[in-house]
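Read top to bottom, the protein sequences are chains H, F and L.
For the first sequence, our numbering begins at -5 and goes up steadily by one.
For the second sequence, our numbering begins at 24 and goes up steadily by one.
For the third sequence, our numbering begins at 78 and goes up steadily by one.
One thing to keep in mind: the hints can contain errors.
Simulated restraints, written as ranges between beta carbons of each label pair [claimed, not checked]: (1) L:Gly339 / H:Gly15: 25 to 35 Å; (2) H:Leu106 / F:Arg387: 35 to 45 Å; (3) L:Lys112 / F:Leu372: 36 to 46 Å; (4) L:Gly339 / H:Leu106: 51 to 61 Å.
In silico EDC-like pairs for lysine to aspartate or glutamate, Cα to Cα no more than 20 Å straight-line [claimed, not checked]: (5) H:Lys176 / H:Asp58; (6) L:Lys112 / F:Glu208; (7) L:Lys112 / L:Asp264; (8) H:Lys68 / F:Glu222; (9) H:Lys68 / F:Asp221; (10) L:Lys166 / H:Asp85; (11) L:Lys112 / L:Asp194; (12) L:Lys166 / F:Glu141; (13) L:Lys112 / F:Asp220; (14) L:Lys112 / L:Asp202; (15) L:Lys112 / L:Asp79; (16) H:Lys68 / H:Asp131; (17) L:Lys166 / L:Asp81; (18) H:Lys176 / H:Asp215; (19) L:Lys112 / F:Glu223; (20) L:Lys112 / F:Asp221; (21) H:Lys68 / F:Glu208; (22) L:Lys112 / L:Glu169; (23) H:Lys176 / H:Glu150; (24) L:Lys112 / L:Asp168; (25) L:Lys112 / L:Asp254; (26) H:Lys176 / H:Glu115; (27) F:Lys29 / H:Glu107; (28) H:Lys68 / H:Asp215; (29) L:Lys166 / L:Asp79; (30) H:Lys68 / H:Asp58; (31) L:Lys112 / F:Glu222; (32) L:Lys166 / H:Glu21; (33) H:Lys176 / H:Asp51; (34) F:Lys29 / F:Glu223; (35) L:Lys166 / F:Asp220.
Everything labelled a hint here was simulated from the structure, so no lab data went into it.
Fair warning: this is a prediction, and the values are worked out from it, not measured in the lab.
Every residue, glycine too, gets a C-beta built ideally from N, C-alpha and C.
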Amino acid sequence: MNLLTCTSISKRFGGIRALDGVSTSIEEHEILGLVGPNGSGKSTLINLLSGLYAADDGQAVFGDRDLLRLPPEKIAAAGVARTFQIPRPFDTMTVRENVSVSYMFGHRRHSLEAARDAASEWLAFTGLEAVADSPVDQLTLHQLKFLELARALATEPTLLLLDEVLAGLNPTEIDQSIEMIKRIHERGIALVIVEHLLRVVTSLSHRIVVLDQGRVIASGDPTEVMEDPAVVAAYLGGSRPNA
Amino acid sequence: MTARTKTLLGFAIVAVVLGLVPNVVEVLDAPGFYLTFLFTMFFWISQSSSWNILTGYSGYFSFGQGAWFGIGVYTTGILATKHGWPFLVALPVAGLVAGAAGLLLGLVVFRLRRLSGEIFALTTLAVSFVLASVARLTSLIDGGRGIFMTGTPLPEFLGDFRTSMYRMTLVIALLTVLTAYLIFESRLGWGLFSIRDDEEVARGLGVPTFRYKMTALGTNAFFGALMGGVWALQIGFVTVEDVFNIRVPLLVILMAVLGGMRHWMGPVVGAAIIYTLTDRLNSAGLADVNQVIIGALLIVMVLGVREGIYLRIRARWIASGVIFFGAMAALTVFDLTSSLIWDFSYALLITMAMLLIPTPLWERLTRSRITAPPSDRPPEQPVPSKTAGT
Amino acid sequence: MDVDLLAQAAVSGLLIGGLYATMAMGISLSWGALKIINLAHFTFILLGAYLTYQLTTTFGIDPFLMIVVVFPLFFVAGALLQVFFEWAKVDEFRSLLISFGLFIIFTSLVRTVWTADFRRISSEDNPYASASIFIGGVALQVPLIAAFIAAVVIAVGTSLALSHTHFGRAVRAVVQDAEMARAFGIDPRRVAVILSGLATAYSGLAGVFIAMFQVLSPTMTFAWFGIVFSVVILGGLGSPYGALGAGIIVGVVAGVASVVWGPLSAPLVTFLLLIAALLFRPSGLFRRSPA
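Same shape as in the complex, but just chain H:
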């Protein structure tokens, strides 16, 4: 059962074609890996799906709405959330307040009082209770990334878009993040994971979509896709992959 169906999505920035007729789909409860060399359009696709930019062409049907025609607030209300590669917490608020605000507005609207309690649940889930009342500038990168997750989860999404969640982390932190991603998935949330660390993506994902220069060049079972000669050529021809 398709949760999200993307058809012919295109986006240009000036003279550069960031995305060119990208079509793909995500099923309920699936983990989809989105990979490709630098500049292939991965983050652009996430940005379009979350409403940060407007697409030039195409559709992204989620339930009965087209995400590409919705403003970001409505996308959140529909049940789609995202995290940012470089964390963007609300920097005048504490960790708890960041998550509370998210809960107040996300998929369903909640009151101020309800949000304060609910935030604790998400803080516990992401292991941030110890720093819950700290201002965000005291957090490490790893904690900030988990805060991104907690905030996104607090909007109660059915689809979560993770944009390079592992970037900048050391191996221990990466392992912890992978555990977290699995636990998120166990809650029934479908995930799109944009990642450079191929070994991680291939082990986590049910399916992989490979982009190169804005086009889908392969899609399917992770192991098979990564051995596809076209995919190998795209990576070696472009920048080296982080294995």
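Use these hints to put chains F and L onto chain H, whose structure you have.
Frame of chain H; chains F and L shown alone:
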């Protein structure tokens, strides 16, 4: 009792106490000037609080407080004098007119994807002066000749002119600050704070940013004009130069910055302090120095006391209370100055001197370690670019 | 409506549009390249005007020579200002507040030194105020011609500098990514300081021309807000040619409006132009320059 109940009770107590002041003044046969001093302070408290609801809470900088003030003055002026409307009816109408104007502005500027904040700031800067030229232009408004407001009839129950002004300004100031408080502790408030911190992210989390910004702007404009309408009576003879100048927008910004933009009490404290100081400077004959001091003070506050005086008072509340009330007591008991207002201003200055001591130094002096609020800490590293790659 | 009158208004508007462009250039560069909205530029224009007034009146210097005096002086002032901003490590919001504080302080100083009385360079010290060149029945005021030529020179010069010189490339690099530029040996702070000096010098220059044909008063800056911001936004941030083009458009529109609806209508018409631009072409009528 919840915190909210306590605060609302506080509001009620303040309302009653302040409401009784005219009666006290009459009984004690005290100079009527005390009433004027207080109601002018109420004017500024209301203006800076309503400004802060927009700029402090949402981060959308407005130079346009003068525009709402001016619309309030002129709308009541025209309705009450040229069309004979009862003053208390013209007043809320003036508020609504300004609210509508604000919403119109928001409609154009808030929908911009990029630079919305900066462009909003600049447009508000230009708006007041454009309104001034419109006012001069149309004979229906002013045609350059001015409006006489003195002698506008007011309902009897308000008392004589001074008492009427006091009561009206008190009510409006209470309403404005109460609104600022209620928004502060509401979803709307938190939504606005998230817009201030990162509007793009806020939208992605589901905050209805456009609607909230419009609400803040409309509220700001409404109260700005409401108080402006009352002030038309105080001005007496309303002219374009008197109304559409830099004074209101400038002072309001300074008051909120000084008091602190992150809390609803900030503008109240800031207005009280700045108004007292400028008033005393004026009566000491130093009116010219005023503006340079204001400009310098603004810069010093922005650089030195980022979280504002109010939050600093909260952090150093024992010392603040002791110094302020101690000074007031000493000055009044030993009759060191010519009036209560001078006592008040000196006590304020002494307290402020203590508050301006930089936090690191203060912590060493008092051997305490208070965690400074986040906005007080300068960034340690360059902030990484916030746009995602590829 | 008298065609001659309209033609005169349009031509004068064109020329004064050049002045508007120069006035706007400083803020446009500051905002586009330095990401600082520097309201103090309005007072720099004011100071440039008053300085010109004072020195021509006291020493009888030809107003045109003031260009040579004002440009380097204000360059230094602008550079120092940027050094202050760099030291203060302020974000955009705070820089706006601080520049507003500076605006207030400088305006006060002008009022203290020169009082609120209107000032005008006498006609013996400034023979250009009433001098005009006549072409085809239309009078071109000399100060305006000079201002227009200066605007074109500035626009062309700045644009070429941005695209062809090493410094220009450094500016564009810093604007796009300061950290990367640093990795290539460019010092973003030095670039910012020089750019700020240049922007301030342009503002001072605009003041010189204003002193040549206008009556000065400390509050004249308020009338400039609408015009300058219209030009900045219409022209696109940081674009010298954009500022020139937008200046001309605003100048012509305001000039014609003055004639058709009276001089008081000009601020309103300019403002409506700004609103229209925001509604239909928010990134400016002209494409943004690389900076």
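Here is how each hint holds up against the structure:
| no. | hint | in the structure |
| --- | --- | --- |
| 1 | L:Gly339 / H:Gly15: 25 to 35 Å | violated (57 Å) |
| 2 | H:Leu106 / F:Arg387: 35 to 45 Å | holds (38 Å) |
| 3 | L:Lys112 / F:Leu372: 36 to 46 Å | holds (37 Å) |
| 4 | L:Gly339 / H:Leu106: 51 to 61 Å | holds (54 Å) |
| 5 | H:Lys176 / H:Asp58 | violated (28 Å) |
| 6 | L:Lys112 / F:Glu208 | violated (33 Å) |
| 7 | L:Lys112 / L:Asp264 | holds (16 Å) |
| 8 | H:Lys68 / F:Glu222 | holds (15 Å) |
| 9 | H:Lys68 / F:Asp221 | holds (17 Å) |
| 10 | L:Lys166 / H:Asp85 | holds (17 Å) |
| 11 | L:Lys112 / L:Asp194 | violated (36 Å) |
| 12 | L:Lys166 / F:Glu141 | holds (19 Å) |
| 13 | L:Lys112 / F:Asp220 | holds (18 Å) |
| 14 | L:Lys112 / L:Asp202 | violated (40 Å) |
| 15 | L:Lys112 / L:Asp79 | violated (45 Å) |
| 16 | H:Lys68 / H:Asp131 | violated (30 Å) |
| 17 | L:Lys166 / L:Asp81 | violated (54 Å) |
| 18 | H:Lys176 / H:Asp215 | holds (18 Å) |
| 19 | L:Lys112 / F:Glu223 | holds (19 Å) |
| 20 | L:Lys112 / F:Asp221 | holds (17 Å) |
| 21 | H:Lys68 / F:Glu208 | violated (24 Å) |
| 22 | L:Lys112 / L:Glu169 | holds (7 Å) |
| 23 | H:Lys176 / H:Glu150 | holds (16 Å) |
| 24 | L:Lys112 / L:Asp168 | holds (9 Å) |
| 25 | L:Lys112 / L:Asp254 | holds (12 Å) |
| 26 | H:Lys176 / H:Glu115 | holds (17 Å) |
| 27 | F:Lys29 / H:Glu107 | holds (17 Å) |
| 28 | H:Lys68 / H:Asp215 | violated (32 Å) |
| 29 | L:Lys166 / L:Asp79 | violated (56 Å) |
| 30 | H:Lys68 / H:Asp58 | holds (13 Å) |
| 31 | L:Lys112 / F:Glu222 | holds (18 Å) |
| 32 | L:Lys166 / H:Glu21 | violated (48 Å) |
| 33 | H:Lys176 / H:Asp51 | violated (33 Å) |
| 34 | F:Lys29 / F:Glu223 | violated (36 Å) |
| 35 | L:Lys166 / F:Asp220 | holds (18 Å) |
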